[in-house]
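K.L.:
For the record, the sequence lines run as chains A and B.
Numbers in the working numbering are just positions in the first sequence, counted from 1, shifted up by 89.
Numbers in the working numbering are just positions in the second sequence, counted from 1, shifted up by 11.
No wet-lab data here; the hints were simulated from the structure.
Every value quoted in this text rests on a predicted model; they were computed, and no experiment measured them.
Beta carbons are placed, not taken as given, at the ideal position from N, Cα and C, and that holds for glycine.
Among the hints, a few may not be true.
When the alpha-carbon atoms are kept at most 27 Å apart in a straight line, the in silico DSS-like pairs for lysine-lysine are as follows [unchecked claim]:
| no. | chain 1 | residue 1 | chain 2 | residue 2 |
| --- | --- | --- | --- | --- |
| 1 | B | Lys304 | A | Lys177 |
| 2 | A | Lys132 | B | Lys233 |
| 3 | A | Lys237 | B | Lys403 |
| 4 | B | Lys222 | A | Lys132 |
| 5 | B | Lys162 | A | Lys132 |
| 6 | A | Lys574 | A | Lys507 |
| 7 | A | Lys573 | A | Lys560 |
| 8 | A | Lys573 | A | Lys545 |
| 9 | A | Lys98 | B | Lys222 |
| 10 | A | Lys121 | B | Lys162 |
| 11 | B | Lys162 | A | Lys106 |
| 12 | B | Lys381 | A | Lys237 |
| 13 | A | Lys132 | B | Lys148 |
| 14 | A | Lys318 | A | Lys387 |
| 15 | B | Lys98 | A | Lys574 |
| 16 | A | Lys573 | B | Lys98 |
| 17 | B | Lys201 | A | Lys132 |
| 18 | A | Lys197 | A | Lys219 |
| 19 | A | Lys177 | B | Lys403 |
| 20 | A | Lys573 | A | Lys219 |
| 21 | A | Lys264 | A | Lys288 |
If you want the footprint, here are the derived chain B segments under chain A, 3+ residues with CB under 8 Å [unchecked claim]:
| no. | region |
| --- | --- |
| 22 | 19-29 |
| 23 | 216-229 |
| 24 | 361-368 |
| 25 | 394-406 |
| 26 | 411-417 |
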Amino acid sequence: MRQLSEIIKASLLGTEKYMYQENPFEIDLVEKILQQNTEKEDKFLKSAYTAFVFHEAGLIAPTTDIHLESCLPETKASADERICNHLKTSLQAGNDILFQYLIHLCIKNNWVVSRSLVPTILNKALANKKRAESLVICCGETGKWLCKLNPEWEKILFEEAEENIWETGTFGQRKAFLQASRKQDPQKALALLEEVFNKENAANREEFLSLLEENISLSDESFLASCTKDKSQKVKDKAYALLKTIRGSQINQLYLDYIKSNLILKEERKFIITKKKQFELLVPKALDEALEKTGIAKISSEKGIKDHIFWLGQILSFVHPDDLSALYGLSATETLHLLLEYEQTTELTPYLQSAAIRFQHKDWAKILLNQLDKPNIQLITAFPKSERTDYCQIFIETNVYELCYMIFDEDYTPIPSKLAMNILQYLRKHPHALNSPEYLRLSFHFSTEIIPDLLKYLNDETDDYQNRYFKNQITEMINLLDIKKELNIK
Amino acid sequence: MAFSQEQVLQMAPDDSSAKSGVQLSNPAKWVALHINERAIWGACQGSGKDPYSTFIDTTNIAFKCSCPSRKFPCKHGIGLLLLYVKKPEGFQRTDDLPNTLSEWLDKRSEKLEQKEEKSAKPVDEAAKAKRIEARTKKVNNGIEALRIWLKDLIRTGIINIPQQQYTFSENITARMVDAQASGLAMLLRKMSNINFYEEGWQYELSKQLSKLYAITEAYQNKEQLTPEWKVELESIIGWAKSKEDILQEIPVRDQWVVCAKILEEENYLITERIWFFGTNTQQFGLFLNFYPKNQLPEHVFAVGTTITADLHYYPSVAKLRVLPGNIIHTTPNSSVNGFQTTEELLETAAHHISIHPFLQPIPAILTNFKLVYSASKWYLVDMAGQYLIIQKNEMSCWNILSITLGNSFTSFITYEAGKIEIYAIWYEQKFYPLV
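Modelling step: build the complete structure from the supplied sequences, incorporating the hints.
P.N.:
If you want it as structure tokens, here you go:
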């Protein structure tokens, strides 16, 4: 190579500035070329190529003793070839809905994907860190091995056993670690966070605090209360937001006190014999400073709602229905009925719904769903999945889009055929209520037995724009259901 | 005929056709499905009133469909072949071919015969000589311009080329196209692909420039060379013989493994490079095919398959470029063996270079090599620990590592100056394309 550097030097500087005069290559042919009576450039170009050819023809292979660490043997079963084929097709075609479903199947059955798919899936995990963990799991030992070799993929490797990840990991890894720890042992997670909290920057502090929402309890109160004195306003707000949701916390007690002194339960005699209980709201002069500090807005942001109703509403939304009922010695249902009878009902119902949703109060949710004209769809979440179907029907006409997102869960829980058929009937009339991805996702919640019904829609000969769109979506749904059928999934 | 689903999907002209093809590989979409020795065919209910008729010639894979799609093969063709791969039992065996299908198949075989006949027709020698004279003049002028450009460039030096990597050869490339020296134009374009951000570009660019000059020098002295070299040099500068003439060459019949299919698109022109490896003759064949985007290539070859076929070699020193002739049979599998050591490859490469100093890269099959990754570099290492550096295609290397888990495998590569590019591997009796 030393001689080749002569070529490179002449080439870079130009023969005008530098040209070797004698044969530096010890090649006879070059000698002959250099002796020709031609221009410098002609000599250079001919001798250079001769030297390159001689150099390349005489290359000797270098030797290495580098060895890769072996990959651990795979302990999990491989996913069926059909699943891997569909995974590959979904990756090629960019069909993320199908891809996610197939990954769900792999996770559920503890399968690993075909090794040839692993690098592509790891790249996908890198692009979507939220899904990274499940994707890496599907890649099995091969995935872990490759992640350790590739510095880019190493970022997405989630090692449960690695104890020091909390100290040395990236922010994403630490968040994932704390989140997992909070699920398993909330107190341990709190202790871990308390230890490092002040060393973190404000953005990290806020994000870490958000993770305490999971399994939040009274034992978190003192730490959260200390966070309300944080330098960062965002951290303070987050701490207050969490404190408000803790039953029995000082803030919660403050709220209960406010309710007790401002929302009075009265008993009035009616027709001499019967007595009727009813709530009456006092109008306080101003909002207590202590309450305002907890994040209760002083001035109503809701059109037509007076400030004192607005204060009560905000407070009610953070009070557990059972605690509220205990305050008046009533049952939860009785309390809600009385509140709904209260003359300011319409103003208060959004906040009562918030409380029922926040505390997943089934009894309140049931009453609100049955009595309100336009109940909040999130009330359904207060019920276990098996009990939701009847309530889902209420929202088909009013909010099918959000309803679908309520149906879409990580377990791909199948929905009853009756509900599925009702949704389809509504969509037949209003096909644009959903976009293509929602139609596709919905098909994974349908049973394959619905295929004949779907085919009937395709036979509909109405040829307007809306129906064409609907039929296209149905065709795509049938394709996905066919895949489910092919994989023997009902 | 038993292709894998992957091989069928590779035949799709784009991702959307592949996706639609997958959706159409469903018996519910087809009102009729038939097969016989020469073809498979079906009727697909599309958005039109009448179902589309889709035909596939199974001897020499080709598609025909009555749908209005301009893509080739269309989604119906892909869907039908995929369906056959997945559920062959769903096809009804029929002896009688529909008229349109029979006509199409006959026309295809006639076409091949016609090609052979065409060359037998008498040619107007005077007109031909005139054409050759005109082209020779054009090419010679072009070559002279190129030599001046090369000398000018080397006189002032290449140090500033990285700042103008996309434009420095633009005008001279266009000049070569005008001079009907497309081969030289292609070599000039190749220079823009040099990675000027990577150490070593100086070597690469100096080599390419001096190579071009050496080619022009050889071309100008071609009368002193053997007839093979004369043809070879004409071919390098882009003056290839007609297909009809090539089909007159004695073919080489073998079981040819379709090792790789590399597609490049420039200005709506597709350049298809298909590498064949003869399992009996141990010879390589490179089929270069050019066609406008969205038009059908004459042959559809699925990588990883083995075709029993006649390949006509272009008469030249390199004996590499081929034209497919008669295709007798296609099998879905392939198995190859090649060099076991780096030394064998380097010796062969040296031998090739000594015969043909312009022939690079050199194709090869390597067996029992392992992939090693260290300090962001990839190496292919033989059992003795001698290695070759792998260039480009980082993702392909990760794919290989994932498939082989660091174990030894067989690969189809091209070699140039101590570096290789891997296009396909065989591992545990399975073929994996990497392009």
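K.L.:
Checking against the hints above, which ones are violated?
P.N.:
No numbers; nothing is violated.
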